[in-house]
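Undergrad: Protein chains in written order, with our numbering: chain B, 34 to 254; chain G, 34 to 254; chain Z, 34 to 254; chain L, 34 to 254; chain E, 34 to 254; chain A, 34 to 254; chain D, 34 to 254.
These aren't lab readings, by the way, just hints derived from the structure by calculation.
You may find that some hints are simply not true.
[Stated by the list, open to error] To be clear about the criterion: a stretch of chain Z counts as covered by chain L if any three or more of its residues have a C-beta under 8 angstroms from a C-beta of chain L, and this derived list gives those stretches: (1) 114-128; (2) 140-147; (3) 151-162; (4) 169-179; (5) 191-197.
[Stated by the list, open to error] Chain L side only, calculated, beta carbon under 10 angstroms to chain Z, not exhaustive: (6) 134; (7) 200; (8) 236.
Using N, Cα and C, we set each Cβ at its ideal position, and we do this for glycine too.
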Amino acid sequence: ITFMLKNIIKYVFYFIGAIMVLDLFDINTTSILATAGIGGLAIGFGAQSLVKDIITGFFILFEDQFSVGDYISVGNLEGIVEELGVRTTKLRDFSGELHIIPNSKVEIVTNKTRGAMRALVTISVAYEEDIDRVIDVLDRVCNEIRESNKNVVEGPTILGISNLGESGIDLTIVAKTNPMEQWSVERQLRKNIKEAFDRENIEIPYSRLVLYNEESLRGDK
Amino acid sequence: ITFMLKNIIKYVFYFIGAIMVLDLFDINTTSILATAGIGGLAIGFGAQSLVKDIITGFFILFEDQFSVGDYISVGNLEGIVEELGVRTTKLRDFSGELHIIPNSKVEIVTNKTRGAMRALVTISVAYEEDIDRVIDVLDRVCNEIRESNKNVVEGPTILGISNLGESGIDLTIVAKTNPMEQWSVERQLRKNIKEAFDRENIEIPYSRLVLYNEESLRGDK
Amino acid sequence: ITFMLKNIIKYVFYFIGAIMVLDLFDINTTSILATAGIGGLAIGFGAQSLVKDIITGFFILFEDQFSVGDYISVGNLEGIVEELGVRTTKLRDFSGELHIIPNSKVEIVTNKTRGAMRALVTISVAYEEDIDRVIDVLDRVCNEIRESNKNVVEGPTILGISNLGESGIDLTIVAKTNPMEQWSVERQLRKNIKEAFDRENIEIPYSRLVLYNEESLRGDK
Amino acid sequence: ITFMLKNIIKYVFYFIGAIMVLDLFDINTTSILATAGIGGLAIGFGAQSLVKDIITGFFILFEDQFSVGDYISVGNLEGIVEELGVRTTKLRDFSGELHIIPNSKVEIVTNKTRGAMRALVTISVAYEEDIDRVIDVLDRVCNEIRESNKNVVEGPTILGISNLGESGIDLTIVAKTNPMEQWSVERQLRKNIKEAFDRENIEIPYSRLVLYNEESLRGDK
Amino acid sequence: ITFMLKNIIKYVFYFIGAIMVLDLFDINTTSILATAGIGGLAIGFGAQSLVKDIITGFFILFEDQFSVGDYISVGNLEGIVEELGVRTTKLRDFSGELHIIPNSKVEIVTNKTRGAMRALVTISVAYEEDIDRVIDVLDRVCNEIRESNKNVVEGPTILGISNLGESGIDLTIVAKTNPMEQWSVERQLRKNIKEAFDRENIEIPYSRLVLYNEESLRGDK
Amino acid sequence: ITFMLKNIIKYVFYFIGAIMVLDLFDINTTSILATAGIGGLAIGFGAQSLVKDIITGFFILFEDQFSVGDYISVGNLEGIVEELGVRTTKLRDFSGELHIIPNSKVEIVTNKTRGAMRALVTISVAYEEDIDRVIDVLDRVCNEIRESNKNVVEGPTILGISNLGESGIDLTIVAKTNPMEQWSVERQLRKNIKEAFDRENIEIPYSRLVLYNEESLRGDK
Amino acid sequence: ITFMLKNIIKYVFYFIGAIMVLDLFDINTTSILATAGIGGLAIGFGAQSLVKDIITGFFILFEDQFSVGDYISVGNLEGIVEELGVRTTKLRDFSGELHIIPNSKVEIVTNKTRGAMRALVTISVAYEEDIDRVIDVLDRVCNEIRESNKNVVEGPTILGISNLGESGIDLTIVAKTNPMEQWSVERQLRKNIKEAFDRENIEIPYSRLVLYNEESLRGDK
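Sequences are here, hints too, so could you generate the full structure?
TA: Written as structure tokens, this is what we have:
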């Protein structure tokens with residue numbers, strides 16, 4: 034890019050020089066300047082987004098917003114940064130797709146590899162279950178994972194009842210993990226909870242429905 | 034940033050000085066100025082958002098809209114303010130993600146750590162329940178929490194029936210809590226209510242459905 | 034703000050004075066002016082939204098669109114006006130959150146504390162109920178509330194059948210109340226209606242479903 | 034507003050006069066004008082929306098798009114026009130809320146008090162009903178209302194079958210009414226139809242479901 | 034509007050004349066022009082949408098995009114054109130509402146009274162029905178309508194199976210009709226099809242559901 | 034349009050001539066030019082979209098993006114191109130509606146009459162069916178259609194299982210057809226598959242539901 | 034395009050030449066230049082998007098963002114690149130449709146033919162199944178496909194439990210495949226899993242529902 038900038042500056046100086054020479058010979062250069070002005074305006078508008086690409090790219094580097102290998106999300110695209118160029122940023126999605134984003138479109142960045150990430154699992158149990166017993170079982174699963182899984186930074190802990198839903202009570206468990214490992218920790222949590230529930234005969238609820246019979250209702254009155 | 038500003042001003046004065054010197058030697062500087070004008074316009078457009086970033090950043094600081102450690106929401110992003118820079122604001126989401134937002138995108142700010150926050154829990158009970166008894170039970174739970182939980186600033190109080198829904202009557206309970214503690218108070222409220230309902234045999238309703246039998250309907254006519 | 038304005042005007046006059054002095058000594062000031070022009074343009078664009086904030090803030094005050102203590106909604110944010118500043122308006126949401134909105138974003142304002150507000154309750158009853166009897170019961174509830182509740186300005190009155198829905202007939206009741214009291218009136222209406230319905234054996238309907246049996250259908254043919 | 038305009042014009046002439054006086058004394062006024070130009074540009078941008086408000090307000094009055102007391106909708110806000118000012122229009126919503134809309138936001142206006150309005154009621158009947166008999170019953174209801182209700186301008190007429198839906202046949206009835214009376218006519222239509230259907234034993238359908246039994250299906254093969 | 038234009042032009046010429054007279058007396062008019070320029074710019078921005086209204090209005094007339102009495106849709110508004118003015122177009126909706134649209138908002142127009150319109154009816158039948166027999170019955174209905182209904186331009190024809198849905202097979206019937214008559218033709222088609230199906234014992238399907246019993250499933254293994 | 038352009042150019046030259054004549058008589062024309070400049074700016078903004086219409090229209094023709102008779106989609110409008118004018122494009126929708134679109138709104142064009150189109154049919158079968166047998170049956174249907182239908186360019190082929198859904202296995206069949214014939218091929222495919230399934234006793238599934246009985250669940254523990 | 038550029042430059046030089054000649058004969062050319070300026074501005078605005086098309090097209094080629102034959106997605110359009118022109122890019126959709134996109138609309142590009150793509154299959158099993166056995170069966174299917182399918186780059190592996198849903202446990206399997214082959218690999222995975230599940234008597238769950246009987250609930254209390 035430095036090469037390109039040099040080129041641009043060179044031609045700009047040639048142009049200024051030419052105008053000054055013509056001027057010395059008393060040739061009115063206003064008309065040339067006016068023409069150049071209109072042309073320059075057209076190109077200026079066109080180049081505007083290029084200038085913006087380069088300026089934003091500079092800020093990304095300078096402020097270290099993200100670097101190659103980070104997992105980031107920009108707008109509604111996500112991926113691992115594969116290349117951080119002067120004009121574009123290239124993200125490799127988990128699906129294998131390569132997103133090519135002009136830097137000027139990189140406004141709000143979410144970097145998912147700076148610091149520990151959160152693994153969050155929500156478990157539903159039926160209203161009939163004894164909550165204290167369920168929490169007990171979940172606690173044991175949490176302890177187990179805290180010790181066995183090296184990617185866990187801060188123990189899985191049970192937050193409590195996050196919702197009294199239509200089909201059961203929602204319990205939320207969170208953990209802090211090394212970046213990019215939050216999904217595998219979540220999957221392990223789900224698997225171990227399912228197995229513990231199977232052992233303890235705690236059921237994860239399907240949708241439930243209470244049936245009324247119209248005739249019996251009518252009979253009540 | 035002051036360093037950067039000084040730099041900019043220094044070069045601007047150099048430029049003005051150079052033009053004035055050339056002028057004294059009777060060299061026509063109009064062409065140089067015109068060229069600089071077009072270049073300046075291009076950069077000006079590009080730098081426009083930078084200027085806006087800095088101005089908005091200044092206002093955030095000056096008006097104390099939020100400071101490091103506050104939990105704020107901007108647009109559809111949320112997080113604890115980790116850094117409040119000249120050009121960008123960094124938010125750490127509960128999920129561990131780091132949102133990097135240019136200040137010019139920080140237009141409407143919602144600060145969630147100024148003053149007491151509200152904990153709100155909505156409980157559904159079936160239409161068959163005796164409401165006064167339900168309110169009685171909830172009242173006792175509210176009193177209990179008011180005394181035991183130090184994060185509660187005001188109430189919890191039962192607002193009343195907020196909805197006559199498809200599957201039951203919705204009762205709303207609100208409390209004022211210390212900032213960032215509203216969720217834990219909500220979770221405790223839910224747990225205590227569930228336990229009181231279990232003791233008192235009040236049921237939280239699953240979806241209900243009244244069945245009609247087509248043949249019996251036809252028989253009616 | 035007057036202080037700020039004075040400051041700005043002062044520096045503008047200093048600048049004009051300096052230019053005029055230089056001009057008297059026959060120094061060509063065009064180059065300085067051109068430079069100031071480009072800088073001024075950049076700042077002008079940046080300051081544009083500030084100017085808009087102040088102008089809109091002035092109009093809000095001048096036209097008395099809302100004042101501190103009013104409950105207003107702007108865009109999709111709601112809250113009680115806590116501060117009405119030169120540049121920003123601060124709203125305190127019921128949830129305790131503090132919304133800080135630049136005045137230039139305050140375009141369409143909805144003020145909910147100017148004049149009587151409407152309380153609106155929609156009650157569903159099954160198609161099997163006798164509507165005239167239901168309306169009778171609701172009428173008695175309305176009279177009761179009209180006399181006992183001082184926040185009710187007008188009515189409550191039964192508008193009639195607002196919908197013939199999937200699970201029953203929707204009846205709408207409206208009342209005019211003192212501002213900010215509409216929700217408590219609605220809650221009282223719901224509670225009293227539920228109690229009257231319990232006394233009169235009128236049922237609020239759950240979802241209903243008519244079952245056909247495939248074999249009996251086939252048998253029909 | 035005329036007062037304000039006079040004021041503006043007065044100051045503009047003062048300014049021109051001052052410049053001309055300075056000019057007579059051979060003082061170069063270019064620098065003052067340039068400064069005024071930049072300031073004027075900033076204010077001009079800010080004032081732009083004010084100018085637009087006034088121009089649009091003028092057109093609303095001049096073209097009589099709506100007047101105080103009309104029920105109009107602008108964007109997604111509705112209400113009765115309470116004040117039609119130079120800069121803003123105030124709408125009083127049925128909910129009692131006061132919408133304050135800058136005239137420049139009043140682009141597409143829908144006026145609901147110019148000419149007769151349409152009342153539209155859609156009635157569902159089960160597929161098992163005899164349609165001709167249903168239409169007969171509805172016809173009698175329409176005649177009844179045409180004679181008794183003075184707000185009806187053009188008789189309720191049955192358009193026909195507007196949909197063959199999942200839970201029954203939808204029949205549509207329309208009438209022309211005096212403005213603002215369409216909702217009360219719709220409510221009366223619904224009530225009278227329900228009563229006529231009760232008398233004639235026509236059922237408004239709940240959701241229907243045909244049940245297949247998996248074993249009997251398997252037995253078929 | 035011609036009157037207004039004349040007025041504008043008259044004042045413009047007065048202004049030019051005044052400037053030229055002042056110029057003859059050697060009064061520097063640059064300052065007046067500069068002031069007028071700023072004012073003109075402000076008004077120019079404000080008047081911009083007016084100019085656009087008039088230009089678009091001219092094109093609508095000149096290209097005969099629609100005329101008074103046509104049924105058109107613009108954006109998400111529909112209605113019969115009641116007035117086609119220099120600045121606004123007025124549409125009368127079927128609901129009786131009057132939409133007043135500035136011509137500059139009339140960008141993409143859909144005219145529904147140019148040429149024959151399509152009536153489209155989709156009929157669902159259960160998977161158990163014999164399709165060829167159903168098509169036979171529908172064919173007879175189509176023939177019947179082709180002969181009796183004068184608004185039908187091109188016969189109703191059965192396109193075929195447009196969807197194999199969750200609750201049955203969707204058959205699509207289309208016809209070309211005189212403009213504005215497509216809805217009445219659709220309603221007649223629906224009525225005649227329903228009657229033919231009643232005669233022929235073809236059922237329009239309610240939602241269907243195949244029930245499995247969990248115990249019998251377990252027994253299978 | 035050439036006529037219009039000539040006209041514009043003619044008047045522009047008249048204007049330039051007049052200015053030059055006035056100039057020869059030493060009349061200062063700056064004021065006239067300034068006035069013309071403001072007026073021209075206003076008209077220029079207004080005419081901007083006209084210029085854009087013409088330029089885009091030129092590119093559509095020049096690049097042969099579509100021609101009269103093609104079936105295209107622009108934005109969310111579809112239709113057969115009926116007229117491709119200098120300023121607008123007219124599309125005739127299948128519904129008979131005439132869409133009039135200014136060329137400047139024709140940005141991304143989708144042309145559906147260039148090359149063979151794809152017919153795509155998705156068939157659901159219950160999980161209980163033997164997939165290989167189903168594929169066999171579908172294969173025979175595909176062969177049949179490949180031979181009998183002249184609009185098929187590239188044989189219908191079974192892609193495989195595109196989804197394991199809630200109510201069954203989705204099988205996808207695709208074919209290449211002559212443009213505008215894809216829908217009739219799809220309809221024929223659906224009809225033939227339905228008939229083959231009827232012959233072979235393969236069922237297209239309704240929604241399925243496995244029922245658990247709460248008491249039997251409780252009994253299990 | 035080079036031809037066009039040459040043409041433009043040629044005419045620009047003619048214009049400059051003409052102005053300079055007129056200037057030599059002492060004819061004031063300011064008026065001509067001003068007129069040309071206004072005209073040039075209008076055309077400049079119109080041509081702006083053309084300039085942007087060409088610049089973006091240049092960057093696509095220069096940075097090799099995609100080339101003819103790649104499968105890319107731009108905005109919400111997808112297709113194989115058929116032509117990469119100076120002004121437009123043409124995509125051939127799988128449906129056979131030809132999307133013609135001006136290059137200036139090609140901002141964020143997703144290229145799906147650079148590197149291995151991911152095949153992802155999510156399988157639901159009922160909560161009653163033994164997960165370890167299910168994972169065992171899936172493992173064998175994965176091995177089978179790894180060996181037999183040459184398009185698989187990196188073996189299908191079972192990620193684990195990605196969700197504890199309403200109707201069962203979701204297990205996710207991923208593989209890396211050659212570009213454009215991900216869908217066929219997914220289809221083969223689905224088919225082989227279905228067959229293995231049939232052999233092993235593992236059921237893919239339909240929706241499940243636990244039924245409560247209202248009377249038995251009431252009896253409990």
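Undergrad: Evaluate each hint against the coordinates.
TA: Structure-based check of each hint:
Chain L is given as covering the stretch 114-128 of chain Z, and this is violated because 0 residues of the stretch bring a CB closer than 8 angstroms to a CB of that chain, at least three being needed. Given a C-beta distance limit of less than 8 angstroms, the hint that chain L covers the stretch 140-147 of chain Z holds, as 7 residues qualify and 3 suffice. Given as covered by chain L, the stretch 151-162 of chain Z passes the check, having 3 residues with a CB less than 8 angstroms from a CB of that chain where 3 are the minimum. With 0 residues bearing a CB less than 8 angstroms from a CB of chain L, the stretch 169-179 of chain Z misses the requirement of three and the coverage assertion fails.
For the stretch 191-197 of chain Z, the stated coverage by chain L holds: 6 residues have a C-beta nearer than 8 angstroms to a C-beta of that chain, and at least 3 were required. Because the smallest distance between the Cβ of residue 134(L) and any Cβ of chain Z comes to about 5 angstroms, under 10 angstroms, the interface hint for this residue holds. The beta carbon of residue 200(L) comes within 7 angstroms of a beta carbon in chain Z, closer than 10 angstroms, and the hint placing it at the interface holds. Interface restraint check for residue 236(L): the shortest CB-CB distance to chain Z comes to about 8 angstroms, inside 10 angstroms, so the restraint holds.
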